[in-house]
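Q: Listed below are the residues making up each chain.
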Amino acid sequence: MLDVRSVTKRFGGLVAVSDVSLTVPEGSITGLIGPNGAGKTTLFTLISGFQVPTAGEVLFRGEDITGRAPERLAVMGIARTFQIVQPFAGLSVAENIAVGAYLRHAGRAEAMARAEAVAAMVGLADLDRPASSLTVAGRKRLELARALATEPQLLLLDEVLAGLNPSEIRDIIPVIRAIRDAGVTILMIEHVMQAVMSLCEHVHVLANGRLIAAGTPAEVVGNPAVVEAYLGHGAAGRLQKGAANG
Amino acid sequence: MKAYRSLLVVIAALAALPLAVPLLVGAGLFAGPNTFYNLMIFILIITLAAQGWNIAGGYGGQFSFGHAAFFGTGAYVQAVLQTRYGVNAWVALPLAALLGGLVGAAIGTLAFRARLRGSYFALVTLAFAEVFRILANATPITGGAAGTLVPLKIGLGQMQFASSTTFFYLALTFVAAVLLLNRALERSRFGAWLVAVRENEDAARALGVDTLKVKLKAITLSAAITAVAGALYTQKFLYIDANIAYGAWISVEALLAPIVGGIGTVLGPFIGAVALIGLGEAAKTAIHAVFGSAVPGVDLVVYGVLLIVVIAFAPRGLLGLFGKFDLFARFGIFGKRGGR
Chain A
1 MLDVRSVTKR FGGLVAVSDV SLTVPEGSIT GLIGPNGAGK TTLFTLISGF
51 QVPTAGEVLF RGEDITGRAP ERLAVMGIAR TFQIVQPFAG LSVAENIAVG
101 AYLRHAGRAE AMARAEAVAA MVGLADLDRP ASSLTVAGRK RLELARALAT
151 EPQLLLLDEV LAGLNPSEIR DIIPVIRAIR DAGVTILMIE HVMQAVMSLC
201 EHVHVLANGR LIAAGTPAEV VGNPAVVEAY LGHGAAGRLQ KGAANG
Chain B
1001 MKAYRSLLVV IAALAALPLA VPLLVGAGLF AGPNTFYNLM IFILIITLAA
1051 QGWNIAGGYG GQFSFGHAAF FGTGAYVQAV LQTRYGVNAW VALPLAALLG
1101 GLVGAAIGTL AFRARLRGSY FALVTLAFAE VFRILANATP ITGGAAGTLV
1151 PLKIGLGQMQ FASSTTFFYL ALTFVAAVLL LNRALERSRF GAWLVAVREN
1201 EDAARALGVD TLKVKLKAIT LSAAITAVAG ALYTQKFLYI DANIAYGAWI
1251 SVEALLAPIV GGIGTVLGPF IGAVALIGLG EAAKTAIHAV FGSAVPGVDL
1301 VVYGVLLIVV IAFAPRGLLG LFGKFDLFAR FGIFGKRGGR
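These protein sequences, in sequence, are chains A and B.
For the first sequence, the numbering used here assigns the number 1 to the initial residue and increments by one for each residue that follows.
For the second sequence, the numbering used here assigns the number 1001 to the initial residue and increments by one for each residue that follows.
Think of the hints as simulated: they come from the structure by calculation, not from any bench.
Please note that the accuracy of each hint is not assured.
What the hints assert, rightly or not - Cβ pair distances, simulated, as ranges: (1) L1180(B) <-> A117(A): 22 to 32 Å; (2) N36(A) <-> A1312(B): 37 to 47 Å; (3) S1188(B) <-> A178(A): 29 to 39 Å; (4) L1307(B) <-> Y230(A): 50 to 60 Å; (5) S1188(B) <-> N223(A): 50 to 60 Å.
Claimed, not checked - If we take Cβ atoms under 8 Å as the criterion, some of the chain B residues that face chain A in the derived model are: (6) R1187; (7) A1192; (8) W1193; (9) A1196; (10) E1199; (11) N1200; (12) A1203; (13) R1205; (14) L1207; (15) G1208; (16) V1209; (17) D1210.
For every residue, glycine included, the Cβ atom is placed at its ideal position computed from N, Cα and C.
Turn these sequences into a full structure, and let the hints guide you.
A: In structure tokens, the structure reads:
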């Protein structure tokens, strides 16, 4: 469904994303992991049209969408959430979601009905209160709901679980799975390995702007290159030695 | 229709205001009925200009400091079409709105395409208004520095009325129409997108909002409404020059009224205009009574004090203050605010 081909992004002398290629098959939940500063969010901004790649191309359903504006991508069926949540603070929860719903429903009644349905799906209640009064977990759900309200085919989730406590994470994992089961393909950046292990069929690992590994979650966490990217050079060897001795 | 009921009540109350005039004059608050009507007509014209500003500035968060560009265009189109081209006043008015809207679209296209936001946008609009003022002062078609005088010809056909009550109702009709339009806007997709643009442009874009298009539509509508206020000003006072039409005073009135009354609310511009102009006039009268002579500019002092008080104690405007009292909220007298 999504094809990223040899995408590179330079900021002056800094190469934030270097020659990254990956595919997201239709109907899958695909993960994108990597240490802080690896270039995951930059890759997201390239896919979602907020920035234009220096080189390479992005294809959605075979169509070249490289550098296309985010609002046009949303119309095509690509929605994203933001790592730093961006609620419309002055609006109520329902109005926030309705902004997304208006994309496919011009009338107020239909948009509000759609907003309510989406809110129920992600488990948001008390829709008339201001979005600014939501807890962190609530805001994450709102971010998810707003993106879903645009009725996307591909959903890009940028760390929707970050900042949540373990029980909140347990609550939201089934929501993400339900979204996929409803027919939405998902590409997610995530640090919470528990979620990656239980949700993703396929994981890509980014470090220093390069793709260093790909595979099932189990394969990837056993990959020495991945362990070293997180824990430092030689860590994989020391860990293995430690395991053998212990 | 529930959403419109509270507005209809307010409009009906304003329409019934002439009934109270004998009482107000009898109580010594106004020298005569005409003093009252002239004040009310001025308040309504400023309200209309402010209602225009409120669409782009209040709902859309695009703070213009140069709505004089639109007010002046409306005023000059109304005056020049009548005096130089013999166009009927009623025909000139929609043309004034149209041209005002076009000026808004043009300035909007230049400013928004250049991605100007916040204070940069405010400065550019201010500069445009000043350019218009200097041009109007120098071009023959506007009458130059001498200004343009619309000949006095009382008659319904000329939109000039012997009784100021009639002009009051004319101005009220426009203000009422924009009040209802505003409420419809709040409940529409365009309104939701406009507020989303104000709150967070990136988030809005991610949800499929074409922010450039939304901002352009808003500034065009905003400018057209403010241009109608300018055209009404011409019809009321029958004289304009560059410093009236394109003067900074109207840019300030147009943005101060919504800020004082309640920014991004339907009734905010009207409440603000009443507070500003009402208190300004009251101060003038009081000073005159105490010192025996007028002190020029005392109303501007009142504006300054009012603005400081509002920003310090009621950042959401006077309506936000009323909203704290259950009475108003319970009956939805002032409706719900479109955000923030």
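Q: Hint numbers the structure violates, sorted upward?
A: none
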